[in-house]
Every structure is written in C-alpha cells, then in structure tokens.
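Spelled out, the chains give:
2 protein chains.
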Amino acid sequence: MKNLLIAQSGGPTAAINATVAGIVTGAGASGKVDKIYGAVNGIKGVLEEKFVSLNTVLKDMGCIELLCHTPAAALGSCRFKLDSLEKSESQYEKILEILRKYNIGYFIYIGGNDSMDTVDKLSKYCIMHDIDDIKIVGAPKTIDNDLVATDHCPGFGSAAKYIATTFCELERDCNVYDMPAVTIVEVMGRNAGWLTAASALSRLNGADGPSLIYLCEREFDIDRFIEDVKEKLEKKPAILVAVSEGIKNKEGIYISESQQSGAVDVFGHSYIAGAARVLEQTVRERMGCKVRSVELNLMQRCAAHVASATDIAESKMLGIHAFQCAIEGMTGVMAAIIRTSSNPYEVIFRRVRVNSVANQEKTVPLEWINQEGNDVTSAMMEYLTPLIQGEVHSVFENGIPKHITLY
Amino acid sequence: MKNLLIAQSGGPTAAINATVAGIVTGAGASGKVDKIYGAVNGIKGVLEEKFVSLNTVLKDMGCIELLCHTPAAALGSCRFKLDSLEKSESQYEKILEILRKYNIGYFIYIGGNDSMDTVDKLSKYCIMHDIDDIKIVGAPKTIDNDLVATDHCPGFGSAAKYIATTFCELERDCNVYDMPAVTIVEVMGRNAGWLTAASALSRLNGADGPSLIYLCEREFDIDRFIEDVKEKLEKKPAILVAVSEGIKNKEGIYISESQQSGAVDVFGHSYIAGAARVLEQTVRERMGCKVRSVELNLMQRCAAHVASATDIAESKMLGIHAFQCAIEGMTGVMAAIIRTSSNPYEVIFRRVRVNSVANQEKTVPLEWINQEGNDVTSAMMEYLTPLIQGEVHSVFENGIPKHITLY
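Chains L and W, in that order, give the protein sequences. Residue numbers for the first sequence follow the numbering used here, so the first one is 1 and each next one is one higher. Residue numbers for the second sequence follow the numbering used here, so the first one is 408 and each next one is one higher.
These are calculated hints, taken from the structure and not from any lab test. Note that the structure is predicted; figures quoted are calculated from it, not measured. A few of these clues could be false.
What the hints assert, rightly or not - Using 30 Å as the maximum straight-line C-alpha spacing, the simulated DSS-like pairs for lysine-lysine come out as follows:
1) 439/W to 466/W
2) 230/L to 451/W
3) 236/L to 457/W
4) 531/W to 442/W
5) 44/L to 531/W
6) 44/L to 639/W
7) 657/W to 236/L
8) 402/L to 451/W
9) 235/L to 466/W
10) 290/L to 697/W
11) 809/W to 290/L
12) 466/W to 290/L
13) 50/L to 809/W
14) 232/L to 457/W
15) 639/W to 236/L
16) 439/W to 44/L
17) 494/W to 451/W
18) 402/L to 697/W
19) 50/L to 466/W
20) 81/L to 643/W
21) 809/W to 232/L
22) 44/L to 494/W
23) 697/W to 362/L
Generate coordinates for the entire structure from the input sequences, incorporating the hints supplied.
Okay, here's the thing in structure tokens:
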C-alpha cells in the first residue's frame with residue numbers, strides 16, 4: 001500500500017485545517033493507504049524533507065475534531081513558486097526523489113492560486129515522464145474567495161461570518177453617541193471585493209449595516225465618496241463605511257498609495273497607510289466631523305471561534321473528496337464546490353482540471369454591485385447568505401480556545 | 408410607589424447592558440417600583456427629557472436575556488460633565504425638576520470615572536437641599552478596569568477574554584511561515600495597562616503567548632525594545648508583541664506622538680499613528696525584517712459574541728445590588744465587587760461611597776510587571792484568570808448575532 005502526503009500553502013484561514021481533517025478521515029476510512037505524512041511549510045517542506053507523521057499526531061478523533069477548530073495552517077505554509085518546467089526540472093526531480101523515498105502514492109496540496117499552480121506543474125511533470133503511480137490533487141482554500149471553477153472557497157465563509165458579526169457589533173458601538181461620526185472599516189481584498197461585500201450580511205437581522213460599501217472592482221472617486229458620506233450623515237448621526245483594501249482611483253492607483261506621497265516618518269520613509277486610514281484623513285480634512293478608521297487585519301482570517309459551521313463542514317468534505325479523486329487514480333485535478341441551489345442551499349462536490357484554476361482570479365461580477373458603486377445587490381446577498389450559516393462549537397478551556405499543534 | 412430611572416454613560420463595553428438587565432430584574436422582583444424609565448444618552452438625555460419606557464421595550468424575559476448579549480450602551484451614552492456645584496446649580500435644578508415630573512425615586516447611573524463624578528455631584532446636591540426622596544446610586548463599568556474601590560469593572564473581563572482569544576488565534580496565524588516576523592498588537596489603555604496584560608492569558612492552554620508585553624505603567628525605551636525583539640527572534644522565527652496604546656518614553660511623551668513629528672499627509676497634517684504603528688516603522692527601519700502592526704481597536708470593547716460568562720453574570724449582579732442600595736434608601740454610593748478569594752474564585756457585592764471612586768484611576772501595580780518591564784508576573788495572571796472564565800451563548804440568527812435595540 002502507498003502512503004499519503006498532505007501539505008498546506010498560501011495565507012492562513014480559519015477553515016484550512018478542516019480540509020486536512022477531511023483528507024485524514026477519508027484516507028483512514030478507505031483502508032487504502034498505509035502511512036499519512038504532513039509536509040511542514042508546504043512544497044518548501046517537501047523539498048527540505050520536513051515531514052511529520054499525521055497518524056501519530058492525530059492519534060484519535062478528538063484530535064481530528066480539535067484540528068477542525070484550529071485556525072491557520074497547522075502544517076505551516078510557504079510562499080514558494082516552483083521553477084517553470086521549461087526553465088529547470090531539477091526541483092521536480094528532487095521532489096519526486098523524496099516522494100519515492102517515502103513511498104508516496106498520493107500528494108494532496110491545499111491552497112490558493114499559487115498552490116494550484118504547483119499542483120498543475122507537478123502533475124504535468126509526472127505525466128511528461130510517464131510517472132503514473134503518484135497522484136497529485138489540489139484542494140482549494142482562500143479567504144479572498146477568488147478561485148475560479150469552484151462556487152466558493154473554504155475559509156471565505158468563516159471570514160465572511162467574522163466580518164458580518166463584527167459589523168453587527170461595531171454598529172451597536174458606533175450608535176451610542178448622538179453626534180455625527182464616521183467609522184471607516186477596511187476589509188482584506190486587493191483585487192476581489194468578496195470579503196468587503198460580506199459586511200452587508202450584518203443587515204440580515206434588521207440592522208442598518210454599513211451605510212456605504214466600496215468594493216475594489218469599481219473605480220473609487222474620493223470626491224464622490226465625500227458626497228456619499230455627507231448624504232448618509234443627513235439620515236443618521238453615526239455611519240459605518242466598508243472599503244476593500246484594494247480600492248483604486250480612475251488611474252488604477254491604489255487609494256492607499258495615491259493620497260500619501262507627502263507622508264513621511266522621522267526616518268524619511270513614507271507611511272504605508274491603509275485605504276481606510278487615507279479616507280479617515282480625507283474626511284477629517286474636508287468635513288471636520290468625528291471620524292475613525294478600523295482595520296480588521298489578521299483577525300478576519302483567523303477568528304476560528306466564530307467560524308461558519310457551513311464553511312468548516314464543506315472544507316472537510318472537500319478534503320474527503322480530494323482524497324477520493326487521488327485514490328481513484330486522478331491527477332492534476334482540484335476538488336471543487338458546485339452550487340445547485342441557493343434557496344434551499346444545496347451543493348455537490350466535483351473535480352475540475354487544475355490548469356483551469358491555476359493563476360486565475362475570480363472577482364465580483366460588476367452587476368452584483370449597485371449602480372452608484374457604494375453597495376451590493378440582492379443577488380450578492382443571495383450568494384453570500386448561505387455561506388455563513390451555523391455556529392461552530394469550538395473547544396474552550398480555561399476561558400480561551402483550545403488549539404492543536406502538529407509540529 | 409416611586410419610579411426608577413436608569414442611564415448609561417462613558418465608552419461602550421460588551422457587558423454594560425447586563426447591568427441594566429440586572430437593575431430591571433431586581434426592580435421587577437422587588438415589587439417596590441412602579442414604572443422603569445431609561446434615559447437616552449446618559450445624563451444629557453435626562454436634561455433633554457429623552458426617556459424610554461423599559462417596561463414596554465423589555466416586555467419579557469426573552470428581551471432581558473437578549474439585552475445581556477447586546478454590546479455597547481443600549482440606552483446610548485454621552486460625554487457630559489455636570490457643572491461644579493460651586494459654579495452653577497442650574498443644571499441640577501433642571502435635573503431635579505425633571506426627576507420630580509416623572510416621579511423618580513431612584514436613579515441608577517452606569518458608567519466609569521466621569522459617571523461616578525455625576526453620581527457624586529447629584530447626590531451631594533440632593534443632600535445639600537434636604538432632598539431625601541430621590542436616591543442616586545452608581546454602577547461601575549469600563550473595559551479599562553481603572554475604577555478604584557472595586558476589584559474589577561464589568562466590561563473588562565469580556566474585553567480581556569476577547570484579547571486573550573485573539574492572541575491565541577494570532578499566534579497560530581503568525582507561526583505558519585518559517586521566516587523571521589514581528590507582529591505588534593496595540594491594545595486599548597492610555598493610562599492603565601490591564602487590557603494589555605490580558606494578552607498573557609493566551610498562554611493558559613500552553614501556547615507561547617506574546618513574546619513581549621509592554622504596559623503603559625512602565626517607561627518605554629525604544630532602543631531597549633529593539634534589543635528585546637532581537638533577543639526573542641533568536642529563540643523563534645515569529646514573535647507577537649503586545650503594547651498599550653498609552654506607552655510613554657522617559658520624558659512622559661506618548662510613543663504614538665514622540666516618533667512622528669516629521670510625518671505629514673498631503674494636507675500637511677500629521678499622521679496620528681498609534682503606538683504599534685510607530686514601533687512597526689521603527690522595527691522596519693532598524694531591523695529590516697518582516698513586521699506588521701495590528702490594532703484591536705473597537706472590536707475589543709464590543710465583541711459580545713465572545714464575552715466572558717463571569718463578566719456578564721457579575722454585571723447583572725451589580726445591577727441587582729445597585730438597585731438594592733437605592734431601595735434600601737442609600738444615595739451617593741456605587742455597587743462594587745470585593746474579591747474574597749482567587750482560587751477558588753469568590754466575590755461578594757458591597758456598596759462604597761462614590762466620592763471615594765470619582766475622578767480617580769486604578770493603574771497596574773508596578774510589582775505585577777516583571778523586572779525587565781516586558782511581561783507580567785504570576786500575581787497578575789492569578790488576578791486576571793478568573794475574570795475570563797465561561798463562555799456566553801449569545802443568540803445567533805441567520806448566521807449573525809441577534810441584538811436588541813431599546814430606542
């Protein structure tokens with residue numbers, strides 16, 4: 001019997017470990033693999049032969065359950081792009097040599113665009129060299145939700161739930177005073193505004209939600225923004241504004257860069273302020289009212305304690321499905337989620353060719369942004385709502401979450 | 408029978424509404440009050456006669472339960488200091504006239520230092536004018552935990568639990584890469600470092616927690632800080648640093664102000680960067696390694712979904728106790744928590760003279776900070792640990808928290 005290797009790559013999410021749990025569960029149930037290894041720090045860890053025995057560290061179902069509620073990549077991650085096959089095959093030869101040494105028959109790589117590029121290249125290499133006893137399969141994850149060929153990505157639903165929950169709480173917080181105040185919240189997303197759109201989910205129980213929502217898919221006009229803010233402040237004293245970190249002006253320059261050429265610190269270095277920070281300065285300058293900026297920062301991708309139960313369950317299912325693909329002899333494919341219905345919410349799991357996914361980006365359809373470019377449409381709400389449903393019961397001990405470490 | 412008036416003031420917390428719930432519960436159970444009013448926007452709302460009938464908006468126990476899990480001040484807040492009695496009594500006459508108009512016999516004011524100052528002045532005014540049919544009682548709250556005469560303050564435990572939970576999750580997030588990286592997290596607290604100290608609670612289940620913790624009670628030396636960071640980076644690649652927003656240099660100048668005289672934006676205004684931001688710039692400049700700053704910002708005071716069950720329960724008890732003080736004829740007192748034992752954790756509820764509380768600040772005892780000034784002691788851990796115990800089961804509907812609004 002062959003052995004199984006699992007690795008993780010790209011930015012951390014609250015759901016990526018559930019996919020590992022799914023793979024391990026599927027492999028265990030199949031009775032068709034011998035040892036299960038995890039490579040530490042992704043493909044880089046494979047090249048460095050940094051392996052951990054998952055049969056040992058995940059000794060019982062309790063550990064596997066705990067892994068589902070542990071945020072970030074429990075096997076570590078990396079930002080590492082394999083050389084193009086045209087350029088040099090030496091990295092590939094090294095990897096294959098190591099896979100053979102550990103009798104690996106199945107290698108499942110969990111990650112985003114770059115990771116799928118690795119799966120694509122590695123599987124191509126194997127095919128080119130008639131290596132058919134090692135199957136390379138990808139499993140998707142990214143809070144940015146920008147992978148094509150899958151309805152959504154594991155990690156996104158949990159980040160979206162954190163963002164929606166936080167906007168609910170921020171709205172209560174910002175409404176306590178009766179003086180005009182603007183709170184600008186910056187959400188992750190350089191090129192895709194999915195996460196920023198999720199701020200609108202804070203309206204699901206009747207709250208106002210953000211008065212204005214700006215996604216990076218639409219050109220951002222600061223003058224128009226100031227007009228929007230003035231207009232909204234006439235309706236209520238305290239307003240919330242959601243902006244993507246990647247909003248750009250009509251020249252295509254990031255707002256976070258455009259407005260601060262003059263800003264330098266004592267060392268003469270420019271301040272790399274975020275978009276919300278720049279807009280905060282602008283509102284203070286042009287309107288003079290109370291204004292704050294908030295960055296959800298790393299919390300939005302690692303807040304496992306408020307993860308989406310739907311997201312965690314689907315991430316696990318994707319892991320099981322990815323393993324099935326490998327054990328059925330497929331290679332160069334990625335497990336994907338196909339939505340068959342939004343209401344009631346129904347999905348099926350399928351495999352797609354990984355070369356149709358690698359190095360592409362799925363941004364928000366412009367028709368899901370309102371005409372004014374300062375909110376989202378009902379179609380967007382219909383797409384997002386099912387993804388944050390259900391609460392996880394993460395394990396708390398001594399008043400704080402209990403996590404598992406694998407190495 | 409007389410009526411009861413409740414108002415809230417100061418900055419929002421995740422627990423302040425539980426005190427309102429406690430007062431309403433205690434009053435209802437006593438059978439000794441007729442109507443229960445809430446003043447909207449604190450003492451300002453009293454002066455403006457902005458009242459809401461709590462008997463109406465809190466019509467059943469379900470509403471009262473929901474109120475306990477709703478963050479921020481459900482009755483609104485204000486930043487309003489009454490004139491000194493020596494200066495002018497007109498505000499006081501106006502307030503008394505309104506209290507009489509609504510047949511108020513008991514006025515309970517929930518808040519921090521300034522709010523207790525209001526309770527103090529108002530009760531003094533009543534005594535000076537032989538008004539003994541209106542009792543004025545204070546109930547404490549502040550995430551800063553800086554009120555004297557009470558072991559701790561409602562709102563602090565929940566903020567501390569959010570901070571500890573977030574540091575647990577940030578540690579997982581920051582450890583995924585194997586390259587040197589510094590993540591500096593800024594925690595609220597201009598003059599008191601209690602919240603920053605709570606970051607150490609992320610160690611309770613065996614995690615490393617922050618490698619360095621700097622409270623605003625100790626003088627902050629940037630050169631020493633850089634040395635500390637270098638030393639810690641030799642032990643592990645990715646380190647977390649917790650800093651109070653109010654850290655000051657030996658001249659007593661806030662680090663957030665000291666380092667950026669040169670930093671101006673395109674409008675020529677200085678960037679009012681936070682302390683973590685300034686330290687991030689400094690590390691980037693002097694060490695050149697990967698560095699990030701994170702501000703927990705408003706989230707740390709309104710994250711009701713991860714509130715401390717101990718905090719919420721005690722906040723409610725304080726409300727019940729504050730009402731008892733009023734109904735027993737006391738005035739000018741504040742309900743307080745006295746800790747009788749830390750292990751096992753035991754508290755009793757007592758009343759203290761509000762003039763012993765008003766306008767004072769309880770900072771962290773220097774002996775609870777380690778000698779190097781970059782961590783906390785076991786005495787601090789013993790004090791903090793009980794305050795974050797227990798998880799609340801806040802109501803989620805449609806995937807987001809359900810909150811109640813009172814006006």
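Here is how each hint holds up against the structure:
no.	hint	verdict
1	439/W to 466/W	holds, 18 Å
2	230/L to 451/W	holds, 26 Å
3	236/L to 457/W	holds, 17 Å
4	531/W to 442/W	holds, 25 Å
5	44/L to 531/W	violated, 71 Å
6	44/L to 639/W	holds, 25 Å
7	657/W to 236/L	violated, 44 Å
8	402/L to 451/W	violated, 44 Å
9	235/L to 466/W	holds, 29 Å
10	290/L to 697/W	violated, 33 Å
11	809/W to 290/L	holds, 28 Å
12	466/W to 290/L	violated, 35 Å
13	50/L to 809/W	violated, 46 Å
14	232/L to 457/W	holds, 24 Å
15	639/W to 236/L	violated, 48 Å
16	439/W to 44/L	violated, 72 Å
17	494/W to 451/W	holds, 18 Å
18	402/L to 697/W	holds, 28 Å
19	50/L to 466/W	violated, 61 Å
20	81/L to 643/W	holds, 25 Å
21	809/W to 232/L	holds, 24 Å
22	44/L to 494/W	violated, 72 Å
23	697/W to 362/L	holds, 29 Å
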